[in-house]
Structure formats: structure tokens, C-alpha cells
Amino acid sequence: MTYEPTTEEMAHLRRCVELATEALEDGDEPFGSVLVGGDGRVLGEDRNRVKDGDETRHPEFELARWAAGNMTPEERAAATVFTSGEHCPMCSAAHAWVGLGRIVYAVSSAQLVEWRAGWGARPSPVRALPVHEVAPGVSVDGPVPALAETMRELHRRTVPDPVRPAE
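Residue numbering for the sequence shown follows full-length UniProt numbering, beginning at 1 and increasing consecutively.
Since the hints were made in silico from the structure, they are not lab data. Glycine included, C-beta positions come from ideal geometry on N, C-alpha and C. Do not take every clue at face value.
Derived DEER-like restraints, expressed as beta-carbon distance ranges [claimed, not checked]:
#1 T7 <-> P125: 32 to 42 Å
#2 Y3 <-> D39: 16 to 26 Å
#3 R127 <-> T6: 24 to 34 Å
Starting from the given sequences, assemble the full structure and let the hints guide the process.
Here is the structure:
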């Protein structure tokens, strides 16, 4: 199943892709996220920052932590987290525990796992699970086909010598 975002949602997702690109250019994995309040205002944004060894520095986790300390429960429930990739289990749990609202993602965990396996990349130490399996009460929309190829190329650049499919 795929999702066709509104024009406003697509603008937030494109910003997530820009943040993912910034992360990659800084030597990190290409993930970026934007937190939008129920009134449509951008409240925060972040990108992956795991290159220095703290594997919990995912943008979704950082935004959940910020929301817990800076937003009321009602504001958190009305908010949306836009992200370049579907939340990992750690970030899904943080999202649910903090009580954030909806998630809209550009590419799914399943897409990323499939791409990485096709390139012969080392698998993640944590199983990729859909958000709804970790946080069943969270409203989730994605993936967005229009952003798949861009995100695929960003992630391909993280694999040292990807296996190329036969032409």
C-alpha cells in the first residue's frame, strides 16, 4: 500500500529528504525528520547523528524527546512526524510512549531492507518492523512512491561496494 500526500505534506517530506542528504554529506546515514504541530507550524527538525557512536541519535527519537519536554499531551497527540524513512522499532516505541500523533514516511523499512539485501549490505542488528507492529495505536501513512528513487540512491551511497544487478 502506498500514500499520496497533499501538497503541504509533500513539502515536509521533501524537507526530510534534504535533511537526509545533509546527514549523508556529513558522513551519517541518510535519515531526516520534521515535527509539525496540529496547527501546521514546523516545530522542529533533525537528521541522523549516529556517526560518532551513539546509535540512538535518530531524528525521530530526538524529536520525540524534544516533544516530551516542550509540548503538552494534547499538542503531541495533534502533531505529525514526517520522516524520510519509516521509524525503526526504537523510534516507534519512543513515538508511542511520548504520545505523538501521526507518522508520514517517504520509504518503508521493508523497502530499505530489500534494497540493502540486493546490494549485499550488512543487515541491521535490529529487525525492521512496521510501525503498527510496535505502536499499534499510531496513525501511519506511507510509503510515497514519488520519493522512492531519490531515497534509494541516498541509501545506495552508504554501501561501500554495492552489488549491481545484471543488465
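Evaluated hints:
{"no.": "1", "hint": "T7 <-> P125: 32 to 42 Å", "result": "holds (38 Å)"}
{"no.": "2", "hint": "Y3 <-> D39: 16 to 26 Å", "result": "holds (22 Å)"}
{"no.": "3", "hint": "R127 <-> T6: 24 to 34 Å", "result": "holds (32 Å)"}
Violation of the numbered hints given earlier is absent; every hint is satisfied by the structure.
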